[in-house]
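Respectively, the protein sequence lines represent chains A and B. In short: position in the first sequence from 1, add 334, done, that's our numbering. In short: position in the second sequence from 1, add 17, done, that's our numbering.
Honestly, the hints are just simulated from the structure, not real lab data. A hint or two may mislead.
[As the list claims (entries may be wrong)] Per label pair, the in silico range of CB-to-CB distance:
hint : chain 1 : residue 1 : chain 2 : residue 2 : range
1    : A       : R437      : B       : G48       : 53 to 61 angstroms
2    : B       : A147      : A       : M462      : 43 to 51 angstroms
3    : B       : N203      : A       : N340      : 52 to 60 angstroms
4    : A       : E359      : B       : G19       : 56 to 64 angstroms
5    : B       : M173      : A       : N460      : 13 to 21 angstroms
Note that the Cβ used here is the ideal one computed from N, Cα and C, for glycine as well.
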Amino acid sequence: MIEISNLVKKYGVNTAVDNISFNVEKGEIVGFLGPNGAGKTTTLNILTGYLSSSAGSAKIDGIDILDNPSEAKKRIGFLPEQPPLYLDMTVKEYLNFAYNLKRCRLNRVKHIREICEVVKITDVYNRMIKNLSKGYRQRVGIAQALVGNPQVLIFDEPTVGLDPKQIIDIRNLIKALGRDHTIILSTHILPEVQAICDRIVIINKGEIVANEKTDDIAKSLMSSRRIMARISGPSTEVLSFLRNKEGILYAEILREQKDSDSTAYLIEGQPNSDIRKMLFFAMSEQGWPIVGLESVDMSLEDIFIKLVTGKPGKTRAVRLDTTAGEDAVNEPEIEIAGGDN
Amino acid sequence: MGAIFKREFYAYFISPVGYIFITVFLLVAGGLFYLTNISSPAQADITSYFMFIIFTFIVLIPLLTMRSLSEERKTKTEQMLLTSPVSLTGIIFAKFLAAFVLFAGTLFISCLNFYVLYEFAATAGQTNTAVLIGNVISILLIGAAFISIGLFISAMTENQLTAAIISITTILFLLISGAFSGAVNNTFIRYALDFVSIFSRFQAFTYGIFDISSVVYYASIVVIFLFLTVRIYEMRRWQ
């Protein structure tokens, strides 16, 4: 449905997007993930025809955005980073304007009413956009993208600046829209893609560093045996013992707790092996009791940091399962700072 | 394109701008008409009335064009327009048309002033319909030229105040440049000043002569500046 091949965008001497290629199949929801300044917005702007690429091509449904812009644009609904709202219009006027602008041929009253029901803005239909809250404005922005029922929806950071309740609402909405649209959604919030996307494309410094199905990434993460063990004992000695122990690939101190006289370690064993029993006996032999043991799945954040910096990430006890995104909303958002951590 | 025209025209009447434009234009036109044609009935002087009207454009036309493109850029609503299936030329032309229709409509309303002239002065043989029509056409063309220049300037900045100030300065320069030409010795500069002077082209119309070269001159200003405005957007897209 969407084909991006060898796309390059240069701003003067800076290269914002450096030779990226990926495809999105019909009906897929693809998460376009990357730190701020990675080139996400630039790529999406090229895809929607707002910017032109320096080289390479972007095609929507086989139509090149540069060769035949108006045909390609008809197939796209776009929500930019900042929703393009005319604050001095009512929602009704604005959606009718969008309807005319896109030369929509569907039944006007019925189509606009349906959109309002889907994005839940029926109750503010006659209000001025400038009097709406951020969450409602975002919905109106999405409504605008849905006018004309385009096959492809492109959302640039759709949940930025919303409160946790609104974030969940918008995510559920996008998920629901994914049933009969092809969606690309950019974000720098990891649980978001885990929660809604079929596939993840990770971009950093203008280059694609990963392009995999969300489930595949989850599987490859599950296979790594990582545990967090809380061990009572002299931390430097324990650490060097762990690092020299056969069967342990990697160990580090996560945090020391002075009061309970124990230290938390992150320990990674050989793939497909269970090191818990071995660890128990080894520690018991040394006289360093294990006071806590927890299995840790590598979070998407770890993968992300690993991919963009080449260093293993600091692990948090975020479990990678299908509901991770929804749980994670209640935690502080995991934002990835630039490539320097 | 129709959608953008409608929205743009409508926007003049959501904000005070449209009302201010119409009110000021009609008040000034009425006042000038009284001064040039009624207070001294000996000479119904339509031409000097229109000459003064042109000077009000220095402020009134930038009022119409200053926010036209700059505001769209600032609020990022231009992203909606530029990613819609409407061509760039269509977008710019719709913007131009909205300002021009408001301007032309107001000008036609102001032509009600001439009713007085026909009612009372016609019997004295002092009205010349050809001169009147010539003046109205030239005023429309000059207005269109200024609107396209104003749009071009509005496309270059995100700040409507900056757009207004630069537009006012530019239109002022175009209007008075002819006046300087007499004081310049260098033939080339004098020729150049006369060329850009809006007034030097205005003359023929005021005699009631339909001067096709002047029509072409004004029309090409409109076309050139609308084209340059489109180019600004193209450039920004490719930069």
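Okay, the hints, checked on the actual structure:
Roughly 45 angstroms separates the CB atoms of A/R437 and B/G48, a value that falls outside the hinted 53 to 61 angstroms. Hint check: B/A147 to A/M462, Cβ distance near 50 angstroms, so the stated range 43 to 51 angstroms holds. For B/N203 paired with A/N340, a C-beta distance near 55 angstroms keeps the hint of 52 to 60 angstroms intact. For the hinted restraint 56 to 64 angstroms between A/E359 and B/G19, the CB-CB distance of approximately 36 angstroms leaves it violated.
Our hint of 13 to 21 angstroms for B/M173 and A/N460 is violated, since their Cβ atoms are close to 37 angstroms apart.
The structure fails hints 1, 4, 5 (numbered hints given earlier, in ascending order).
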